[in-house]
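Engineer: Those protein sequence lines, which keep their order, are chains A and B.
Residue numbers for the first sequence follow my numbering, beginning at 5 and rising by one.
Residue numbers for the second sequence follow my numbering, beginning at 3 and rising by one.
Source of the hints: derived by calculation from the structure; they are not laboratory data.
On a predicted model such as this, the values are computed, not experimentally measured, just so you know.
Please note that the accuracy of each hint is not assured.
With a straight-line cut-off of 20 Å between C-alpha atoms, the simulated EDC-like cross-links for lysine to aspartate or glutamate are [as the list claims (entries may be wrong)]:
id, chain 1, residue 1, chain 2, residue 2
1, A, K230, B, E179
2, B, K96, B, D188
3, A, K233, B, E133
4, B, K17, B, E7
5, A, K162, A, E86
6, B, K21, B, E7
7, A, K233, B, E135
8, B, K59, B, D243
9, A, K162, A, D173
10, A, K233, A, E86
11, B, K21, A, E130
12, A, K230, A, E86
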Amino acid sequence: MDGVFSAVGSFLGWLGHGLDPLCGPVGIFSFLPPDSIVACGDTGWGDEIALGLKMTLSLALATLPLGLVIGFFIALALQSREPSLRRAAGIYTTIFRGLPELLTLFIVYYGAQILIQTFLAWVGYEERVEINAFVAGMVALSVVFSSYCSEVLLSAFKAIPRGQYEAGDALGLSRSRTMVLIIVPQLVRIALPGLVNLWMNLLKDTALVSVIGLAELLRQTGVAAKVSKQAFFFYMLACGLYLVLAIISSFVLGFVERWAKRAEIGR
Amino acid sequence: MSIAETLIPPRPAPKAERKALTTSALIGYIAQALWLVLAIGLVYMVLTGWDPEKFAKYGPRYLDGIRVTATLVIVSVAFGALLSLPIAFARMSKNRLLNGIAYGYVYIFRGTPLLAQIYLLYYGIGSFKPELEAVGLWWFFREAWYCGFLSLTLNTAAYQAEILRGAIQSVPKGQREGAKSLGIPDRIAFRKIILPQALIVALRPYGNEIILMIKGSAVVSVVTVLDIMGQTRYAFSRTFDYQTYLWAAIFYLLIVETLRHVWAWLERRLTRHLTR
């Protein structure tokens, strides 16, 4: 069994390397001469930056599903008939839409550290705990993402007529099946433009996690800038790479939006 | 045949039926209880950890930080509004070159993180010290505050240009044609007919943009500007007291919520002729 895992692992590693747009076999940096400052390998910063790019992408991709799920449930709570649920969800969105993302990040990072430490001390285990920056960043970003996402989904929920729910009742579908089979497909279509915007914001917000020391794109370029004393070049490179990420996502998401709207063409 | 001699005496309303505890109500109560516990915990934390010495030392610093954040946001929103005018008009012009430049500007500043832009200005351009000294701009790029101000201004200009463009284009064509048919010159038609209607449309996005700027300005603390966030990080690095972050959160929430309510009031007031 171990052999299978390692084979799969090495295959994935090979695939990741093969498709690496910066340092892979067909990567941009690989075509540069080996003495260039962004060359891949020990002499240049190319591989470090490629790692950072990978980290940025994986952070954003890990945050997205978590944020979407939390946001969906917050949106459900916001439009529920139960006032206590509405109030609780309202407090959530008010707080996390009002706080700067950077502050949320610090609060999650240090707060979780303190919470775990006091809990461990209470159990009788005294040691310094360091929270993983990736996890802290993921939690903080998905909290922020979900509170904006809930607003987008809430307005999408309001755009779906009551008759759709009633039709589900008339067909004898349960509430949850009505939700999954009838409401959510329409919800996705209506909310998609808003969600695309949120994804773009999320991509940009991942840069903030560099402040708590996660080795993502901006952090890696920053280190390169400090060591090589070519700050302007490296920060330009970072901006350029973020821009490329934005362009690629808007391209891909444009396809997704057209795909989601394929039933509406002709109307 | 009978005639009622007296009216039925008033009776109390029937007793409200007790609602069964639904799942959503249960979750709602639990969630509210969690918030309550959290709030009590925070108050408890502040009360038990209250240190007059720290308060005397960092209280004025926080006030100073609020002042810095407020100045930074107000100044850069104002300058950004000025800068957004030519960008918005270039974006609407038929000249393809102008349009392309403005589009590129907006795309670049909206597509890259504010933090990267600040780094680029402060560390990136700041690394050309001799050249900047030769041009006489070193005093500007030396100061973190100016760099923060410049990047916030450039950033918000891109967003505000889009807001302005969207608002102006949302005014129906008939308004312009109506002005033309009345013989009103283009310039005056724009100032007295198009712009007032556009600004009402733009009111809400402008409010959101200011709130985004207040939140975004926290990023300048990373390049050593001592705004609310900067003072918080300074205090935390000295005391390792978690309360410092809670106070920052309270200040930001207060500012943002106040602004949001003031803006909502302003919007109601300015659009009262439109409500039916």
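Engineer: So which of the earlier hints does this model not fit?
Structural biologist: 1, 4, 6, 10, 11, 12
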